[in-house]
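J.: So the chains spell out like this:
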Amino acid sequence: MNDQSTISPTTLSIHLTINGRDHALDIEPRVTLLDALRDRLHLTGTKKGCDQGQCGACTVHVDGERVLACLTLAAQVAGRSVTTIEGLAGEDGTLNAVQAAFLEQDAFQCGYCTPGQIMSAVACIREGHAGSDEEIREYMAGNLCRCGAYPHIVAAVRHAAEGLRS
Amino acid sequence: MRDFSYLRADSVEAARNAAALPGAMLLAGGTTLVDLAKCGVAEPSAVIDISHIKGLDAIDVSAGRAVIGALAKMSHVADHAEIKGRFPAVSEALWQAASAQLRNMASIGGNLMQRTRCPYFRDPANFPACNKRAPGSGCSAIGGVTRGHAVLGTSEACIATYPGDLAIALVAFDAEVHLGERRLKVEDFFLAPGATAEREHDIRPGEVITAIEIPGSAAARRSTYLKVRDRQSYEFAAASAAVGLELEGDGRTIRDIRIALGGVATKPWRARAVEDALKGKTFDEATVRKASELTMEGAVDHGANHYKIELAPRVVARAILKLGETA
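Chains as they are written, first to last, in our numbering: chain X, 204 to 369; chain Z, 254 to 580.
FYI, nobody ran anything at the bench for these hints, they're computed from the structure.
Computed from a predicted model, the values in this text were never measured in an experiment.
Glycine included, each C-beta is placed from N, C-alpha and C at the ideal position.
Treat the hints with caution; some may be incorrect.
[As the list claims (entries may be wrong)] Label pairs and their computed distance ranges (CB to CB):
# : chain 1 : residue 1 : chain 2 : residue 2 : range
1 : X       : 309       : Z       : 578       : 40 to 48 Å
2 : Z       : 559       : X       : 337       : 42 to 50 Å
3 : X       : 297       : Z       : 578       : 24 to 32 Å
4 : Z       : 532       : X       : 242       : 43 to 51 Å
5 : X       : 334       : Z       : 508       : 31 to 39 Å
6 : Z       : 452       : X       : 340       : 34 to 42 Å
7 : X       : 225       : Z       : 471       : 51 to 59 Å
8 : X       : 220       : Z       : 508       : 50 to 58 Å
9 : Z       : 482       : X       : 334       : 22 to 30 Å
Just chain X, same shape as in the assembly (with noise of 0.2 Å):
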């Protein structure tokens, strides 16, 4: 056991790092990653869908692989690496391209899954899954639309993943 083990089911003392900034917490241990980062930290662009796993909504990077926030324990992750929307765009503001494309596409309507989505399709590229539009749908598979914006979501990462390329 180390330093951050306890054996009581009092306040933990850790450490996460998201977007690059440590962040000290007390905390208790239910608490998730999706309830810290939105309720402790206010970076309140990762989204509470189903709370569930179900829809992908709060779909952050881990150690640079997407996961799931609201099946993650915080303490879980500390010292791991965090990534979330917020830490998609560069310091001056200039979007990721895969932002830029979910822009230019009109990939959603009320734009609730929207941070999800993209947290997704970032991974998604780089993980090689976005060579065809059948293969961006079924590897976005867990990322769902009320909306339905669907064919325009795929339409964006198709784009962002061609844009990369090139």
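Once you have looked at the hints, place chain Z on chain X.
T.: Frame of chain X; chain Z shown alone:
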């Protein structure tokens, strides 16, 4: 979610010791445990985080077998070149399970500990009766909405379907689970409900899954996983089959065939009657279809899940015929 204490184990030994504490549960990817804690189904008093143990995520394919560390992520195993090459059904089963995010989180060991998706099991507030959660309380599914429930391996106590994909392929190829010193067939690791629906796995307090070992074979090399479901992606199986095939040198006589079923049974289900009916026979469509009818021997439906009895033999036949085309 009830609060719990959190301990981070940095070795398997530490995990074993902590896992023996009353009320302790192991946390790897969290996709089952955190989900069920939110539903009020899992109520651990201590969560033992094993996800930071070093070296438990190795994937080693050599000497005619694959040894997959318990903490290897589903996505990494699915993408592993030698798993794809020598055990395609394993890769395909993983790839067709869950979503990209969940596959990046869920571990191989945790995957074996995945619980049923029975909606009555997952909803204690509305359905107090569930023999899996509260032994002796009854079964809310029997007489309820049963479209997703099992038709094989059921009992009067429980008809909940085993929901996973990976274990179907593992059972087809005689994989073993390593629990420290104890090793057992994955097929025996999963328990049909019988009168003790609360016991789903042959795992004892203080035991930790450390690896899964899959023996290589010609049938594993020529294998596939076919999953039929209500939507094309990100859905549990209505019926699925892991199938492996080895033909004799003549290219048409079946030397070895392995068949296991998902989505229709209370545990990963090996279809030995179909295997036995096909071994030594000439591979042709009529023979395959006739043998596949044995898939559902002993099946019992509960009304709305009757379609599975018709569907599963067709899924088995289609998977076998697909392999026949890949000579």
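J.: For residue 334 of chain X and residue 508 of chain Z, compare the CB-CB distance with the range 31 to 39 Å and indicate the outcome.
T.: 37 Å, holds
J.: Does the Cβ pair residue 559 of chain Z, residue 337 of chain X satisfy 42 to 50 Å?
T.: Given a distance of about 33 Å, which is not inside 42 to 50 Å, the answer is violated.
J.: Kindly confirm whether 24 to 32 Å is satisfied by the beta carbon distance between residue 297 of chain X and residue 578 of chain Z.
T.: This hint is violated: roughly 50 Å between Cβ atoms.
J.: Does the hinted range 34 to 42 Å hold for residue 452 of chain Z and residue 340 of chain X at CB?
T.: 40 Å, holds
J.: Is the distance from the Cβ of residue 482 of chain Z to the Cβ of residue 334 of chain X consistent with 22 to 30 Å?
T.: 23 Å, holds
J.: Take a look at whether the Cβ-Cβ distance between residue 309 of chain X and residue 578 of chain Z falls inside 40 to 48 Å.
T.: 43 Å, holds
J.: Could you see if the CB distance from residue 532 of chain Z to residue 242 of chain X stays within 43 to 51 Å?
T.: 60 Å, violated
J.: Measuring from beta carbon to beta carbon, are residue 225 of chain X and residue 471 of chain Z in 51 to 59 Å?
T.: Holds: the Cβ-Cβ distance is about 53 Å, inside 51 to 59 Å.
J.: Tell me if the beta carbons of residue 220 of chain X and residue 508 of chain Z are separated by a distance inside 50 to 58 Å.
T.: Holds, at about 55 Å.
Of the hints listed earlier, those the structure fails to meet are numbers 2, 3, 4, in rising order.
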